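**Q** Residue numbers (the working numbering), protein chains in the order written: chain A, 4 to 152; chain B, 4 to 152.
Each hint should be verified, as a subset may be incorrect.
Claimed, not checked - SDA-like mimics (lysine to any residue), calculated; alpha carbons at most 25 Å apart, straight line: (1) A/LYS140 to A/ASP33; (2) A/LYS9 to B/GLU109; (3) A/LYS140 to B/CYS95; (4) B/LYS102 to A/ALA122; (5) A/LYS9 to B/GLY114; (6) A/LYS140 to B/PHE106; (7) A/LYS9 to B/LYS9; (8) B/LYS9 to A/GLN121; (9) B/LYS9 to A/PRO89; (10) A/LYS9 to B/SER76; (11) A/LYS9 to B/PRO101.
By construction, these hints were calculated from the structure, which means they are not laboratory data.
Model, not experiment: these values are computed from the prediction.
Number of protein chains: 2
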Amino acid sequence: MSVSSKCYYAIRAIYALAEHGNAEPMKIADIAEQEMIPIRFLEVILGQLKGGGFVQSRRGAEGGYRLTRSADSLTVGEIMRYVDGPIAPVDCVSQSRPKECEFHGECHFFGFWGRVRQAISNVVDRTTFADLIKESKERNRDFVNEWMI
Amino acid sequence: MSVSSKCYYAIRAIYALAEHGNAEPMKIADIAEQEMIPIRFLEVILGQLKGGGFVQSRRGAEGGYRLTRSADSLTVGEIMRYVDGPIAPVDCVSQSRPKECEFHGECHFFGFWGRVRQAISNVVDRTTFADLIKESKERNRDFVNEWMI
DNA sequence: CTAATCTTGACTTGTCTGGTCGAAATGGGG
DNA sequence: CCCCATTTCGACCAGACAAGTCAAGATTAG
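Construct the complete structure from the given sequences, taking the supplied hints into account.
**A** Set out below in structure tokens:
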């Protein structure tokens, strides 16, 4: 039930871009340093995210990456699905590309796996990157307050 | 976010044993046929489940496997954890063996991944094999009723 | 022009998945 | 005590995938 490190890297890269803001592009090297991602691997990942239309790039000096959509309309679930494929624990309950298993309508587990899938979806498809940034800021503020008292 | 086919096979094997009842042991070949599991692979899986204390075996003629615990005290989550490892989407939010990541207390995603893990756990750790059997029976009854009308 | 930056695609290395196979140990029935 | 059905155990294997690495080229700002 775990996400690939590639997928987690992708999420962190998008987070970094969202936090950076879209005023000017952010360089691969900066993203890599901030999020501790191997730079060569990050190149591959950003290339893939570009292919999915999540980010756009500008080459040359002062180039870099930026988001194509606003952080509050982009959910973590979208990135997870794009990088790692369907979120469903087994293929037969996938929303986007269900694949019927050999038990057809008589599978004992169909309802169960469906509930698992729905539980995951309820979290990842309702959380946007804007939510994550907000949450992180609040956590940080609480931490500072606590530290100052 | 998907479970391995080995894990799904394990779940189906336990289900078959639970449904069969513990009066007499069930043969590997019968489990394999009923649940459509490659028999040689099932041998490996049952060996592993025996190592985990979930099933016990009797050799020789009239031998086979049976559950060591009752179906209503055995959750699907236990089997998933035993076969596939922690349910957590990333290591740092694992209940049983958390592994701190390089961001320590300042990870932007800790809360998020924790909510994902909890959502999955709420389903898999609260569903017993007795629940699955009951659900399947009800579904079957509804189906028959519908068909008879 | 040149330095900074992204682009592309091939390559590597190790681990995991999903099995298969053969021989040995064990237990029940005759 | 012997035979046969059955589990048991460890070895083996091919292919896919994960997680990176690398080199050379295209593009753009200044």
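**Q** Take the hints in turn and mark each one as holding or not.
**A** Going down the list of hints, with the structure as the test:
1. Of the supplied pair hints, the one linking A/LYS140 and A/ASP33 holds, its CA atoms being roughly 21 Å apart against a limit of 25 Å.
2. Between the alpha carbons of A/LYS9 and B/GLU109 the distance comes to roughly 20 Å, so the proposed pair stays at or under 25 Å and holds.
3. For the suggested pair A/LYS140 and B/CYS95, the alpha carbons sit about 20 Å apart, so the restraint of at most 25 Å is met.
4. A C-alpha spacing of about 24 Å is found between B/LYS102 and A/ALA122, which places the hinted pair at or below 25 Å, so the restraint holds.
5. In summary, the hint linking A/LYS9 to B/GLY114 is supported, as the alpha carbons are separated by about 20 Å, within the 25 Å threshold.
6. Between A/LYS140 and B/PHE106 the alpha-carbon distance is near 15 Å, which keeps this suggested pair within the 25 Å criterion.
7. Restraint check for A/LYS9 and B/LYS9: satisfied, since their Cα atoms lie roughly 24 Å apart, inside the 25 Å limit.
8. Distance hint between B/LYS9 and A/GLN121 is fulfilled; the C-alpha atoms sit about 23 Å from each other, no more than 25 Å.
9. This hinted pair checks out: B/LYS9 and A/PRO89 have alpha carbons roughly 19 Å apart, not beyond 25 Å.
10. A threshold of 25 Å between alpha carbons decides the hint, and for A/LYS9 with B/SER76 the separation of about 37 Å lies outside it, so the pair is violated.
11. A hinted pair counts as satisfied when its Cα atoms are at most 25 Å apart, and A/LYS9 with B/PRO101 qualifies at roughly 20 Å.
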